[in-house]
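Q: Quick mapping for you: the protein sequence lines, in order, are chains A and B.
The numbering of the first sequence is the numbering used here, which starts it at 1 and goes up by one.
The numbering of the second sequence is the numbering used here, which starts it at 1001 and goes up by one.
Careful: at least some of the hints might be erroneous.
Claimed, not checked - When the alpha-carbon atoms are kept at most 25 Å apart in a straight line, the in silico BS3-like pairs for lysine-lysine are as follows:
no. : chain 1 : residue 1 : chain 2 : residue 2
1   : B       : 1166      : A       : 249
2   : B       : 1238      : B       : 1282
3   : B       : 1133      : A       : 249
4   : B       : 1265      : B       : 1282
5   : B       : 1282      : B       : 1031
6   : B       : 1238      : B       : 1263
7   : A       : 328       : B       : 1168
8   : B       : 1133      : B       : 1207
9   : B       : 1282      : B       : 1077
10  : B       : 1055      : B       : 1166
11  : B       : 1033      : B       : 1077
12  : B       : 1168      : A       : 249
What the hints assert, rightly or not - Residues from chain A that keep clear of chain B, each with C-beta distances beyond 12 Å, as calculated:
no. : residue
13  : 32
14  : 66
15  : 216
16  : 230
17  : 236
18  : 263
19  : 307
20  : 388
Unchecked claim - Chain A stretches covered by chain B per the calculated footprint, using a threshold of three residues with CB under 8 Å from any CB of chain B:
no. : segment
21  : 42-52
22  : 244-255
23  : 335-342
Please keep in mind that the hints were generated in silico from the structure rather than gathered at the bench.
Beta carbons are placed, not taken as given, at the ideal position from N, Cα and C, and that holds for glycine.
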Amino acid sequence: MSEKTTTNTSFFNDAGNRALLFQVVLLTAVVAIGYYLFHNLQANLQDQGISTGFAFLNEPAGFPILIHLIEYTEAGTYGRAFLVALINTMLISFIGIALATIIGVVMGLARLSQNWLVAKLATVYIETLRNIPLLLQMFFWYFAVLAALPHPRDSIIFGDFFLNKRGIYSPNPIFEDGFGVVIFGFLACVVAAIALIVWAKKRQTRTGEWFPAYWTSFAIIIFGTIICYLLAGSPVTFDLPEASRFNVKGGMVLVPEFVAVLVALSTYTGAFIAEIVRAGILSVSWGQTEAARSLGMRDSITQRLIVLPQALRVIIPPLTSQYLNLAKNSSLGAAIAYPELVAVVMGTTLNQTGQAIETIGLCMLVYGSLSLSISFFMNWYNKKMSLVER
Amino acid sequence: MKSNVGKILSTAAIAATISTGAAAATLDDVKSKGFIQCGVSTGVPGFSNADSNGKWSGIDVDACRAVSAAIFGDADKVKYTPLSAKERFTALQSGEIDILSRNTTWTYTRDASLGLDFTTTNFYDGQGFMVRKDLGVSSAMELDGATVCTEQGTTTELNMADFFRKHKLEYVPVVVQKADEALSAYASGRCDVYTTDKSGLAAHRSKLSDPNEHVILTETISKEPLGPVVRHGDNQWKDIVTWSLFVQINAEEMGISSENVAKIKAESTDPGIRRLVGAEGKMGEALGLGSDWAYNIIAEVGNYGEVFERNVGPDTRVGLPRGVNNLWTEGGVLYAPPVR
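Work the whole structure out from these sequences, hints included.
A: Structure below.
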């Protein structure tokens, strides 16, 4: 409709105007209904004497949280507790996603293996874990882990490490003044390594000569950082754990709740990812591999440069769903005392403040944005990986 | 998972259905549907616990049964909704249940800001600690550095924090969503200490495989008056629930039990007793009930002492002494206003 129509068409006969009108009417109706529901809710909550609003986030929470990566005490606010819980949820989600991906890829490849035993073991793993409810697996891991480990008094001691029912205790590094130098050195090494890889790739394109860039850059990062650390005068001391009356005190502790949730989430989702990986690889026709071989490519290069890029296009969309599932399933951790969002906000905070709508709203907002961010990233990655048609 | 869904559904229900009128007469609703919907726990022996046939019993269950007896003349017109600690208030607010009788502590915040009314106290409790005997702990003051298991969504969590903070003791909290799993974690050795109300400790200890290996420490670190809760704003309904319990306490004080109530109604000349059992006057009318409401409560459910002995008394598995939950005339704190 780029060119102007004749002026004698009436306003309502113009398709563009009509479409716009309907949009406006619909939008108004949606907003009005939303407003009505919100207003109704407010009025009724007020009638019932239920207080509303987010002011409670500034009140002192008064309850402790088992795992907090940022500073938190009982005297902290509900807002702070919310933040702690949010970080715990994100922590378990991201580590879970990374671990599930590794397990999934390994198991997916294993199921395709020519080795009968490896393939069957992978099949058993996948079919078992896929078909047992996740909550049940969490209880299993939690209570299995607890049952298998010794009582604190009979801790398994390995140097400065303690292992018992309360978790794995390790020395806690305390970073001193000079540590900034080490971080800077590490970052410099990373930049150097990336530059090396870029240079090697360019040179290979230009001259066809190959350089072991990955191994070299790996070595640069490791040894470079160690040298910086020694030059800065080893600016890290350790807070060592030691046995006390009830528990092991001091040091850094990895609690069984975290381990159980992480193992349950990553093995469960890993089983699904394994099937997705298998499907992706099978979707690349065998002819591609044969073609690569006939050109004299090694198997590892065939996989990396021919099969995987094509398989990824099939793998990524369902993989995104699995990542989203994992992030949302982390809420089941509440059942076994992992202090994530549902446990802290919809559990303790809700119980203490009675602000059901606000706390549940907050949780929904967080899970919504977490899922959308994962989805956004994966869509971007998918676009990057998709076949560029020429 | 299930509890979360329930929570969200009931929240949605608040948003959608409160508009039917917050202060609607619960009594009329209950009479027209023919039963009371009673919110109970998911299983605390002695308070509200279902047996293998799905039959509920316990002190909290009897609170609902007494109301049912007062209204219908039949204590069994009650349907039960098992609720986790965190679901309970939402279930009541949204109208899913008529009475919340789930060992719920009466606190200022709950009474004042949740749109709820606490009726009266049917069990005076206090929070305590349970530890393994072989730890050799005799006082809560020795718990520095201990790991403590507890159920989520209760006042217990806060009292625990306050206690350790007040006494400058360090501790590690393990807060589990449901009481059963919290207890399993304690039993498996994840924690040194299990904490909840003392009645709950006794009840839970009876569930452990080796009850005699565990000891409940003497300290009581909080006041926990437990009692039935109703929605704010329906005064008549609140009065019915409150007085159903007062009747039971008065009955015990007057020596009326489920066994002798019929005889006493026929023979007693004491005007106070005659008013209570409905032989004289029309006491029930003011509450919108029949004149034999109190008689039915005593006949069907029994007096407070009977309820206590049957559910949590020394001869039961829970095995609690009357202690503070005795009549004021017997050295306890149960003191019900007179029915006159």
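Q: Among all the numbered hints in the text so far, which are the ones the structure does not match?
A: 6, 7, 10 and 14
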